[in-house]
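*Asks:* Going down the list, the protein sequences come from chains U and C.
With this note's numbering, the residue at position 208 of the first sequence is 208, and numbering never jumps.
With this note's numbering, the residue at position 19 of the second sequence is 19, and numbering never jumps.
No wet-lab data here; the hints were simulated from the structure.
Take the hints with a grain of salt, since some may be wrong.
Here are the computed lysine-lysine pairs in the DSSO-like style, where the Cα-Cα straight-line distance is at most 27 Å [as the list claims (entries may be wrong)]:
id: 1; chain 1: C; residue 1: K27; chain 2: C; residue 2: K92
id: 2; chain 1: C; residue 1: K92; chain 2: U; residue 2: K66
id: 3; chain 1: U; residue 1: K87; chain 2: U; residue 2: K66
id: 4; chain 1: C; residue 1: K92; chain 2: C; residue 2: K81
id: 5; chain 1: U; residue 1: K78; chain 2: C; residue 2: K102
id: 6; chain 1: U; residue 1: K100; chain 2: C; residue 2: K27
id: 7; chain 1: U; residue 1: K41; chain 2: C; residue 2: K27
id: 8; chain 1: C; residue 1: K102; chain 2: U; residue 2: K41
id: 9; chain 1: C; residue 1: K80; chain 2: C; residue 2: K27
id: 10; chain 1: C; residue 1: K102; chain 2: C; residue 2: K27
id: 11; chain 1: U; residue 1: K66; chain 2: U; residue 2: K78
id: 12; chain 1: C; residue 1: K92; chain 2: C; residue 2: K80
id: 13; chain 1: U; residue 1: K66; chain 2: U; residue 2: K135
id: 14; chain 1: C; residue 1: K102; chain 2: U; residue 2: K135
id: 15; chain 1: U; residue 1: K100; chain 2: U; residue 2: K66
id: 16; chain 1: U; residue 1: K100; chain 2: U; residue 2: K78
id: 17; chain 1: U; residue 1: K66; chain 2: C; residue 2: K81
id: 18; chain 1: C; residue 1: K102; chain 2: C; residue 2: K92
id: 19; chain 1: C; residue 1: K81; chain 2: C; residue 2: K27
id: 20; chain 1: U; residue 1: K100; chain 2: U; residue 2: K87
id: 21; chain 1: C; residue 1: K80; chain 2: U; residue 2: K41
id: 22; chain 1: U; residue 1: K66; chain 2: U; residue 2: K41
Partial list, computed: chain U residues near chain C (C-beta under 7 Å) [stated by the list, open to error]:
id: 23; residue: Q28
id: 24; residue: E31
id: 25; residue: V34
id: 26; residue: F44
id: 27; residue: T45
id: 28; residue: V73
id: 29; residue: Y77
id: 30; residue: L129
id: 31; residue: P131
id: 32; residue: D132
id: 33; residue: S141
id: 34; residue: V150
id: 35; residue: H167
id: 36; residue: T170
id: 37; residue: A171
id: 38; residue: M173
Treat the numbers as computed from the prediction; the structure is a model and nothing was measured.
Think of the CB as a built atom: it goes at the ideal place given N, C-alpha and C, for glycine as much as any other residue.
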Amino acid sequence: MHADHDHVHPHRHPPQPDVEDTPSTYYQRLEEAVRELLIAKGIFTGEDIRRTLEIYDSQSPVLGGKVVARAWVDPAYKARLLADGSKAVEELGIPMDTTKLVVVENTPAVHNVIVCTLCSCYPRPVLGLPPDWYKSRNYRSRTVREPRAVLAEFGTQLPDGVDVRVHDSTADMRYLVLPMRPAGTEGMEEAALAELVTRDSMIGVSLPRAAPVTAP
Amino acid sequence: MRGHHDMGGLPAGPVEPTEHNYAPWEKRVHALLTLLSHSSRGIIMVDELRIGIEALGAEEYDRLSYYERWIVSITNNLLKKGVISTDELGRKLAEIEAREAKGQ
Chain U
1 MHADHDHVHP HRHPPQPDVE DTPSTYYQRL EEAVRELLIA KGIFTGEDIR
51 RTLEIYDSQS PVLGGKVVAR AWVDPAYKAR LLADGSKAVE ELGIPMDTTK
101 LVVVENTPAV HNVIVCTLCS CYPRPVLGLP PDWYKSRNYR SRTVREPRAV
151 LAEFGTQLPD GVDVRVHDST ADMRYLVLPM RPAGTEGMEE AALAELVTRD
201 SMIGVSLPRA APVTAP
Chain C
1 MRGHHDMGGL PAGPVEPTEH NYAPWEKRVH ALLTLLSHSS RGIIMVDELR
51 IGIEALGAEE YDRLSYYERW IVSITNNLLK KGVISTDELG RKLAEIEARE
101 AKGQ
């Protein structure tokens with residue numbers, strides 16, 4: 001080490017704070033305490049917790065996108081999806097467990113939006129964990145009263161003649177919006193279509209991505 | 001009377017498009033409920049979780065974060081049902097605090 005160097009003495013880098021290094025909050029300790037007590041009582045195991053966390057990690061809007069793309073290319077599947085959402089997503093290997101899934105279809109005349117005014121009910125098996133704004137006071141309060149204003153905040157402007165329907169979810173019944181297939185996607189494969197389907201378009205606050213522009 | 005949680009239709013501010021990655025402890029709180037409400041156990045169902053959250057006063061409801069409300073409701077439900085006792089919980093919390101103080 002050179003004496004004329006700015007750093008003549010071996011300096012310690014500030015330790016990278018790990019999650020474990022920041023002092024826990026009371027509520028984090030409460031989670032730990034409850035979990036350890038329930039495991040000690042044999043109500044479930046640590047392995048059960050790990051497996052459950054793995055299932056959460058496997059749930060994402062990618063699954064919902066597959067459901068929507070299948071409905072776009074297969075009219076018979078779409079009919080089954082609208083008739084019984086839970087059963088139809090199970091066909092694609094997505095278990096809804098005990099919650100009922102109701103799929104609502106956007107058409108040129110009707111645009112659907114989902115909300116949970118009372119808490120945060122959300123179609124997790126097909127969309128994963130909800131974004132923070134879905135659980136926010138502002139979204140929950142206003143979506144049922146002024147949905148067009150809320151949609152505008154997401155950059156979504158609907159023509160005046162479109163009927164906006166808001167669906168308030170419950171603990172036992174979850175909604176999923178089936179967006180309209182974007183124009184100009186007639187020749188696209190199902191897998192490519194699935195990539196146009198965004199999470200927000202399945203909540204109903206926005207529309208799917210436009211068809212990619214292809215070279216002439 | 002309208003409960004504090006029952007906010008549909010009330011005036012409120014603009015929707016901020018906020019997202020965050022769920023912290024591990026938040027996902028574990030969720031996992032606790034998933035396991036407790038599983039049909040093989042049926043110890044706390046989702047409606048009971050909600051009743052516990054709605055029973056928080058307006059002030060607590062607004063002060064606590066989303067999963068903080070959940071863990072408080074889960075804990076209160078477990079105490080009410082006698083699945084765990086206040087003594088056990090107090091001892092376990094003290095044990096966890098002592099463990100953290102020792103840096104473990």
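*Asks:* Hints first: check each against the structure and report whether it holds.
*Replies:* We went through each hint and held it up to the structure:
Of the supplied pair hints, the one linking K27 (chain C) and K92 (chain C) holds, its CA atoms being roughly 21 Å apart against a limit of 27 Å. For the hint linking K92 (chain C) to K66 (chain U), the alpha-carbon distance of about 45 Å lies beyond 27 Å, and the restraint is violated. For the proposed pair K87 (chain U) and K66 (chain U), the alpha carbon gap of about 15 Å is at most 27 Å, so the pair holds. A threshold of 27 Å between alpha carbons decides the hint, and for K92 (chain C) with K81 (chain C) the separation of about 18 Å falls inside it, so the pair holds.
Between K78 (chain U) and K102 (chain C), the direct Cα distance comes to roughly 58 Å. Violation of the 27 Å bound is thereby established for this hinted pair. The hinted pair formed by K100 (chain U) and K27 (chain C) meets the criterion: a straight-line CA distance of about 23 Å does not exceed 27 Å. Between K41 (chain U) and K27 (chain C) the alpha-carbon distance is near 21 Å, which keeps this suggested pair within the 27 Å criterion. Straight-line distance between C-alpha atoms of K102 (chain C) and K41 (chain U) comes to about 26 Å, which keeps the hinted pair within the 27 Å bound.
Only pairs whose Cα atoms come within 27 Å are accepted, and K80 (chain C) paired with K27 (chain C) is accepted, the gap being roughly 24 Å. For the proposed pair K102 (chain C) and K27 (chain C), the alpha carbon gap of about 26 Å is at most 27 Å, so the pair holds. Only pairs whose Cα atoms come within 27 Å are accepted, and K66 (chain U) paired with K78 (chain U) is accepted, the gap being roughly 12 Å. About 18 Å separates the Cα atoms of K92 (chain C) and K80 (chain C), which keeps this hinted pair within 27 Å; it holds.
About 25 Å separates the Cα atoms of K66 (chain U) and K135 (chain U), which keeps this hinted pair within 27 Å; it holds. Among the hinted pairs, K102 (chain C) with K135 (chain U) is inconsistent with the structure: their alpha-carbon atoms are about 37 Å apart, more than 27 Å. Between K100 (chain U) and K66 (chain U) the CA atoms are separated by roughly 19 Å; this keeps the pair inside 27 Å, and the hint holds. Restraint check for K100 (chain U) and K78 (chain U): satisfied, since their Cα atoms lie roughly 17 Å apart, inside the 27 Å limit.
The suggested pairing of K66 (chain U) with K81 (chain C) is violated, with an alpha-carbon distance near 41 Å, which exceeds 27 Å. At most 27 Å may separate the alpha-carbon atoms for a hinted pair to count; K102 (chain C) and K92 (chain C) meet this at roughly 15 Å. Among the hinted pairs, K81 (chain C) with K27 (chain C) is consistent with the structure: their alpha-carbon atoms are about 24 Å apart, no more than 27 Å. Taking the CA atoms of K100 (chain U) and K87 (chain U), the gap is about 9 Å. The hint holds against a cut of 27 Å.
At roughly 17 Å between alpha-carbon atoms, K80 (chain C) and K41 (chain U) fall within 27 Å of each other, so this suggested pair holds. The straight-line distance between the Cα atoms of K66 (chain U) and K41 (chain U) is roughly 41 Å, outside the 27 Å bound, and the hint therefore fails. Because the closest C-beta pair between Q28 (chain U) and chain C is about 5 Å apart, less than 7 Å, the hint holds. The criterion of a C-beta within 7 Å of any C-beta in chain C is met by E31 (chain U), whose closest approach is roughly 5 Å, and the hint holds.
Because the beta carbon of V34 (chain U) sits about 6 Å from the nearest beta carbon in chain C, less than 7 Å, this interface hint is met. Because the smallest distance between the Cβ of F44 (chain U) and any Cβ of chain C comes to about 5 Å, under 7 Å, the interface hint for this residue holds. A hinted interface residue such as T45 (chain U) counts as satisfied when its beta carbon comes closer than 7 Å to some beta carbon of chain C; here the least separation is about 9 Å, so the hint is violated. Given hint, V73 (chain U) at the interface with chain C, is violated; its Cβ is 30 Å from that chain's nearest Cβ, farther than 7 Å.
Because the closest C-beta pair between Y77 (chain U) and chain C is about 28 Å apart, greater than 7 Å, the hint is violated. Interface restraint check for L129 (chain U): the shortest CB-CB distance to chain C comes to about 6 Å, inside 7 Å, so the restraint holds. A cut of 7 Å between beta carbons decides the hint on P131 (chain U): the least distance to chain C is about 5 Å, and the hint holds. A distance limit of 7 Å between C-beta atoms decides the matter here; for D132 (chain U) the minimum to chain C is near 4 Å, and the interface restraint holds.
For S141 (chain U), the shortest C-beta to C-beta distance to chain C is roughly 4 Å, which falls under 7 Å, so the interface hint holds. Residue-level restraint check for V150 (chain U) holds (minimum Cβ-Cβ distance to chain C is 6 Å; threshold 7 Å). With a least beta-carbon distance of about 12 Å to chain C, the hint placing H167 (chain U) at the interface is violated under the 7 Å criterion. At about 9 Å, the closest approach between the beta carbon of T170 (chain U) and any beta carbon in chain C exceeds 7 Å, and the interface hint on this residue is violated.
Annotation: A171 (chain U) was flagged as interfacial toward chain C, and the flag holds, the nearest CB pair being 4 Å apart, inside 7 Å. Among the interface hints, the one on M173 (chain U) is violated; its C-beta lies about 11 Å from the nearest C-beta in chain C, farther than the 7 Å criterion.
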